[in-house]
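> Keeping their order, the protein sequence lines are chains A and B.
If you read the first sequence in this note's numbering, its first letter stands for residue 1, the second for the next number, and so on.
If you read the second sequence in this note's numbering, its first letter stands for residue 83, the second for the next number, and so on.
Since the hints were made in silico from the structure, they are not lab data.
Note that the structure is predicted; figures quoted are calculated from it, not measured.
Please note that a few of the clues may not be correct.
Derived coverage of chain A by chain B (criterion: at least 3 residues anywhere in the stretch with Cβ under 8 Å from a Cβ of chain B; other residues may be distant) [as the list claims (entries may be wrong)]:
| no. | segment |
| --- | --- |
| 1 | 48-61 |
| 2 | 66-78 |
Derived lysine-lysine pairs resembling DSS-like cross-links, with alpha carbons at most 27 Å apart [to be verified]:
| no. | chain 1 | residue 1 | chain 2 | residue 2 |
| --- | --- | --- | --- | --- |
| 3 | A | 20 | B | 277 |
| 4 | B | 94 | B | 127 |
| 5 | A | 65 | A | 5 |
| 6 | A | 46 | A | 20 |
| 7 | A | 65 | B | 162 |
| 8 | A | 65 | A | 46 |
| 9 | A | 65 | B | 127 |
| 10 | A | 5 | A | 20 |
| 11 | B | 114 | B | 127 |
Some residues of chain B that are not near chain A, with every Cβ distance over 10 Å (derived) [claimed, not checked]:
| no. | residue |
| --- | --- |
| 12 | 120 |
| 13 | 129 |
| 14 | 286 |
Note that CB positions come from ideal geometry on N, CA and C, so glycine has one too.
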Amino acid sequence: MYLAKINVTLRPSILDPQGKAVRHAIASLGMEDVRDIRMGKYIEMKISSDDRAAAGRIADEACRKLLANPVMENFEYTLEKI
Amino acid sequence: MGPSPADGSAKKFGVVVFPGSNCDHDAYYVLKNVFRQDVRFLWHKDSSLEGVDAVILPGGFSYGDYLRSGAIARFSPIMKEVTSFATDGGMVMGICNGFQILCEAGLLPGSLLRNAGLTFACRFVHVRVENARTAFTSGCRAGEVLKIPIAHGEGNYYADGETLSGMERNNQIIFRYCDVRGAVTGEANPNGSVKNIAGIVNGRGNVMGMMPHPERASDPALRETDGAKIFLSAIGHLVEKTQLTHSTL
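Construct all of the structure, not just a fragment, from the sequences and the given hints.
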């Protein structure tokens with residue numbers, strides 16, 4: 001079994017109004033040094049395969065077809081044997 | 083208003099119902115009671131379009147907007163049928179969440195992001211008809227300003243530069259947010275959409291997506307009826323298509 005830890009992030013060219021709003025809230029807490037916040041998604045996925053390459057293919061396909069929208073998002077993942 | 087079933091010209095519309103759709107009944111109501119068309123609901127788990135002439139993907143929050151708006155709905159069983167219907171040239175109209183689903187399904191280019199202004203925008207806006215030669219806008223004048231309400235938190239249309247210039251070349255941008263006089267300005271843009279885009283068609287012109295809700299501005303009882311022009315264009319197109327088919331028989 002493998003655990004895929006997936007991060008989906010907005011492409012750098014895409015504005016992130018949510019991140020901007022959170023940054024304002026952080027600033028209002030007095031943390032003036034915080035310059036930029038970008039929000040993304042973190043997804044954990046257990047894959048019942050003992051073959052690392054096969055698990056990677058599945059994680060990759062799940063990201064490309066559903067978890068990330070290539071028009072506006074990038075993704076990356078790590079695999080951990082569990 | 084519009085063709086009546088009495089003369090046999092009523093067209094068959096299917097309104098897809100996803101879990102979380104909430105404008106499905108509005109679309110059904112105007113098609114049936116205002117435009118006197120033959121209309122039925124199509125459940126998202128169905129695998130038949132029941133021979134409809136046009137499909138409407140209504141507004142709402144399918145699957146609670148989980149993951150991304152429209153991302154999960156696009157894998158519903160019915161979407162396989164909608165995709166092949168669209169590929170065969172069938173008329174598909176996505177309103178609000180329906181527009182988001184069509185983008186996720188790859189039936190329309192681009193994507194809809196969170197509103198730039200951080201608010202859920204629910205109010206009347208004006209849109210300018212940029213292309214009056216589509217099946218969805220033929221009842222409008224080019225440059226006509228329509229007053230139609232929006233209600234969305236994620237209507238900020240985005241496509242990369244290359245996609246946008248292709249769309250502009252093909253006249254695929256059919257509605258832009260504008261002021262009451264038709265000027266496309268930053269102030270008139272309610273959600274940050276690139277180039278004030280409010281509605282588009284695919285390259286072939288048979289699939290349309292728009293963020294404003296024409297079904298909420300169609301019934302004369304509600305006074306604002308500019309949305310009716312879009313439904314009447316679509317109905318007129320379908321009727322014309324039937325007549326052409328008959329005359330060639």
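> Any hints from earlier that this structure breaks? Give me their numbers in increasing order, please.
Result: hints 1 and 6 break, sorted rising.
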